[in-house]
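*Asks:* Sequence:
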Amino acid sequence: MKKRLKRPASILLALCLLAALLPQRALAAETIIVPAGGDLAQAVEDAALGSTLVLQGDSYLVEPEGSGDDPWVIDKDLTIQGGGGTINVRRGGIVLKDNVTFENVVIGFSSNMRNAIIANGHTLTLDGVTCSQNSAYPINLFCGGLLDSNNEGFGNYLPASGSTGTVIVRGNTNY
Numbered sequence: 102m103k104k105r106l107k108r109p110a111s112i113l114l115a116l117c118l119l120a121a122l123l124p125q126r127a128l129a130a131e132t133i134i135v136p137a138g139g140d141l142a143q144a145v146e147d148a149a150l151g152s153t154l155v156l157q158g159d160s161y162l163v164e165p166e167g168s169g170d171d172p173w174v175i176d177k178d179l180t181i182q183g184g185g186g187t188i189n190v191r192r193g194g195i196v197l198k199d200n201v202t203f204e205n206v207v208i209g210f211s212s213n214m215r216n217a218i219i220a221n222g223h224t225l226t227l228d229g230v231t232c233s234q235n236s237a238y239p240i241n242l243f244c245g246g247l248l249d250s251n252n253e254g255f256g257n258y259l260p261a262s263g264s265t266g267t268v269i270v271r272g273n274t275n276y
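Residues in the sequence shown are numbered from 102 upward in steps of one, following the working numbering.
Don't take every hint at face value.
To be verified - Keeping only pairs whose Cα atoms sit at most 20 Å apart, straight-line, the calculated EDC-like set for lysine to aspartate or glutamate is: (1) K177 / D147; (2) K198 / D159; (3) K177 / D199.
What the hints assert, rightly or not - Pair by pair, the computed Cβ-Cβ distance ranges are: (4) G158 / N273: 18 to 26 Å; (5) D176 / P239: 21 to 29 Å; (6) T132 / S111: 29 to 37 Å; (7) S111 / T265: 38 to 46 Å; (8) S111 / R191: 53 to 61 Å; (9) L242 / E146: 50 to 58 Å; (10) R191 / A149: 23 to 31 Å; (11) P136 / S212: 19 to 27 Å; (12) S111 / G184: 36 to 44 Å; (13) T265 / G185: 31 to 39 Å; (14) D140 / T265: 25 to 33 Å; (15) I112 / V268: 38 to 46 Å; (16) G184 / I112: 35 to 43 Å; (17) G185 / A149: 37 to 45 Å.
Hints are computed from structural coordinates only; laboratory data are not their basis. C-beta atoms are modelled at their ideal positions from N, C-alpha and C, and glycine is treated no differently.
Turn these sequences into a full structure, and let the hints guide you.
*Replies:* Printed below as a string of structure tokens:
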């Protein structure tokens with residue numbers, strides 16, 4: 102009788118230890134479908150660390166009212182997959198505050214004001230990323246950070262740079 106009680110307790114203890122050792126972001130990660138015309142910026146904000154966002158159509162990143170030409174700051178480790186969608190950036194570029202992967206997605210910039218993805222000392226991975234044919238400007242990639250200038254006055258809006266910047270380009274990528 103005692104052996105039967107020990108086995109389930111041992112299995113339960115092993116599962117609890119395994120769960121405790123896994124990073125919390127691995128437990129919370131999810132796949133989020135962003136419908137055509139959906140708010141990608143809001144989907145990123147709502148996503149858990151390590152999540153994958155799948156675009157089902159075109160998504161527009163417009164600058165918030167009264168923001169000037171602030172960049173879009175992606176502040177968590179995640180993956181954005183094309184799934185048939187295009188990211189149309191109508192902001193002052195994209196700045197990372199954590200590691201981000203773009204997979205099989207088309208990206209277009211409608212402004213030459215920082216028509217760039219700035220790794221900002223984090224890891225930026227582009228796998229099968231292409232520049233939109235409708236894009237007014239090509240995509241520029243920077244491994245370092247973006248500094249505030251007297252003309253722009255971002256203040257505390259810009260995230261601090263990470264310690265090790267890496268830009269990885271894989272697959273059939275054209276920017």
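*Asks:* Next, verify each hint and record whether it holds.
*Replies:* Hints, verified against the model:
Between K177 and D147, the direct Cα distance comes to roughly 10 Å. Compliance with the 20 Å bound is thereby established for this hinted pair. Simply put, K198 and D159 have alpha-carbon atoms about 24 Å apart, too far for the 20 Å limit, and the pair is violated. Our distance criterion of 20 Å between C-alpha atoms is met by K177 and D199, whose separation comes to about 5 Å. Range check, G158 to N273: about 21 Å between beta-carbon atoms, so the 18 to 26 Å window is met.
Taking the beta carbon of each, D176 and P239 are about 25 Å apart, inside 21 to 29 Å as hinted. Separation of T132 from S111 is about 33 Å and conforms to the stated range, judged on CB atoms against 29 to 37 Å. Checked against the hint of 38 to 46 Å, the C-beta distance between S111 and T265 comes to roughly 41 Å, which is consistent with it. Taken as a hint, the range 53 to 61 Å holds for the pair S111 and R191, whose Cβ atoms sit roughly 57 Å apart.
Our hint of 50 to 58 Å for L242 and E146 is violated, since their Cβ atoms are close to 24 Å apart. Here the CB-CB span from R191 to A149 is close to 26 Å, well matched to the stated 23 to 31 Å. Between P136 and S212, the C-beta spacing of about 25 Å keeps the proposed range 19 to 27 Å intact. A C-beta distance of roughly 43 Å is found between S111 and G184, which places it inside the suggested range of 36 to 44 Å.
Restraint check, T265 to G185: a C-beta distance of roughly 33 Å satisfies the suggested window 31 to 39 Å. In this structure the hint that D140 and T265 lie 25 to 33 Å apart at CB holds, the actual value being about 31 Å. A hinted range of 38 to 46 Å holds for the C-beta pair I112 and V268, which are about 44 Å apart. The supplied range of 35 to 43 Å is met by G184 and I112, whose beta-carbon atoms lie about 38 Å from each other.
Separation of G185 from A149 is about 24 Å and departs from the stated range, judged on CB atoms against 37 to 45 Å.
Going through the hint list in order, the structure does not satisfy hints 2, 9, 17.
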